[in-house]
Each structure stands twice: as structure tokens, then as C-alpha cells.
Amino acid sequence: MFISGLFVLAVALCCTNPTDGCDSNFTLAQVLTLCQITEQLRGLKEVVMKIGPRAVEEALFTLKAKKRSEVSLRRAEEAAERDRNAGFAAERARLAYDSVCEAVEFAEYAATSIEGRASSLLVIQEYYVPFLEDVMLRVGTDAEAAEAQEAAMSCLQTKRSVSPTSLSEAALELRVRLGVRNFRALRRDLHRAAFCLYSLKKTAAKIALARSSVEEIEYLINEAANEAECVSPPKGGIQGQLPSDESDSSNLVTVISAVPICWLLATITRVL
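Residue numbers (mature numbering (1 follows the signal peptide of the UniProt record, and there is no 0)): -21 to -1, 1 to 251.
FYI, nobody ran anything at the bench for these hints, they're computed from the structure.
You can trust all of the hints, since none of them are fake.
Only pairs whose alpha carbons sit at most 35 Å apart, straight line, appear in this in silico DSBU-like list of lysine-lysine:
1) LYS46 <-> LYS180
2) LYS43 <-> LYS24
3) LYS181 <-> LYS46
Pair by pair, the computed Cβ-Cβ distance ranges are:
4) LYS214 <-> LYS46: 18 to 28 Å
5) ASP77 <-> ALA184: 16 to 26 Å
6) THR144 <-> LEU116: 23 to 33 Å
7) LEU135 <-> THR6: 16 to 26 Å
Every value quoted in this text rests on a predicted model; they were computed, and no experiment measured them.
Here a beta-carbon is modelled for each residue, glycine too, at the ideal position from N, C-alpha and C.
Required output: the full structure, derived from the provided sequences and hints.
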């Protein structure tokens, strides 16, 4: 769906004349408006690359957390099979695991949406930046006002803080400064970019929230599995190796933290 949408957008841009017949003899105010838009579109790629890959990475984290939760759930269910008294803890683990699955399903869908919005923004950026830079070059020689020529030639900056609001405001200012009939395609795509960027940021925030929720639920599932195994320990006891004398003491902490607390208390009681 996103691929076909991007294809339509790309074709529409290729068949569009962004200037709509407007010449390059602009006033200083008009040049500054176009330059400000150019600077924003240059910075759009950096904004997208900060948000998009990170959101996809967080979505992948939820998938890995789901796989770890499956292991913990299996431990709880196996304990319940050995002893019915572990059934309550196993049921808690199952219910929590269902919540993990819902969060992962959302994150996967949202990651697809993220990729689609990001691609749309990059198509707009890659199309209009060269075009506007060419306009600035022509204004640098064709504009009657010397200050307009100078402003056009010095339009080399990249705006770092691009937002949906700044893109929408740029589209409105373009309409005011250059008129309703000029740069209609650019105004339309600035509004489109504003919407895509808003959606991108909002969806990325939801994925981050999903990751946070999955982390908490994964912990609860592991705790439920530990509780179930306290009631019905697996055959063979605790699996794993104790650290050697030469190993760092932090390894011992890692091993101990992985052992259900009921086992530790039982062991200490026997020793005493």
C-alpha cells in the first residue's frame, strides 16, 4: 500500500511544474520566504533519519521481548503441569503474555507506517531541494533588486529544527508572499510534509510507549514464572555455571539475580 502510494506521489511530482509559470524576478521578502523553505526542506532528511530508524529499532526490541516472554511463559506452564498449585502464577503469565502480543502487533504495524511516512517525506525533500536551489541560482542573476540577488546567493544553510508547524507556516507565508496562483504544488506538498512529519512523530512516540509497556510486562511474566517454579521446581534444579575465581564479581550477581528468591531462602535455611 505504501509502495503504491509513493509511486503515485513520485509520478505526481514529476508531472508537476512547481513554479506554475512564475518568473524569477522576486522581491527580497519573496526570496527570503523561498530561502526559508529551502533551508527547512534541506533539514527534513536529518529529522526523518533521527526518528525513523530509532522507531523501527524499538519495534524490533518489542519483538525480541516477546520471544523472551515466550520462554518465561513456557517455564510457568511447565511448572503448572507438574503441580496444579503453580496454575495461578501460570495463568498470570499467560494473561500478561497476551498483552505483550498485542503491543508487538501494534509496534509492527506502526513500524510499517513509520517507513511509509518517512519515505514520503524523503521523496518530497529530494524533489524540491534541487528545484529550489536552482530557483535561488536564477534569482541570484535575474532579480532586479541587488539585495534580493544577494539573499538568493547566500541561501546555503540547513535548518536543524524542522517541525510540522514550521512547514505549515512556511506554506501559508508562501501563499501570502507570492500569491495564490504561484507555487501551488509546493504549497500543497509543504502541507503534505507537515502532516507526514506529524504522523511520523506521533507514531514514533506510540512505539516508544509500547516498548516501555512490553519491558514492564516482560518483567511480570518472568516473576510469575519464578513464582510457579518456586511451587514446582524443574527437574535438575538450577541450570547454569557459577563464576570462576578469576571472573569478575559482577558475574556472581548476575547468576544470583536469575535464581528465584524462594530457592535462595531454602538453600540458606538448609545451610544454617
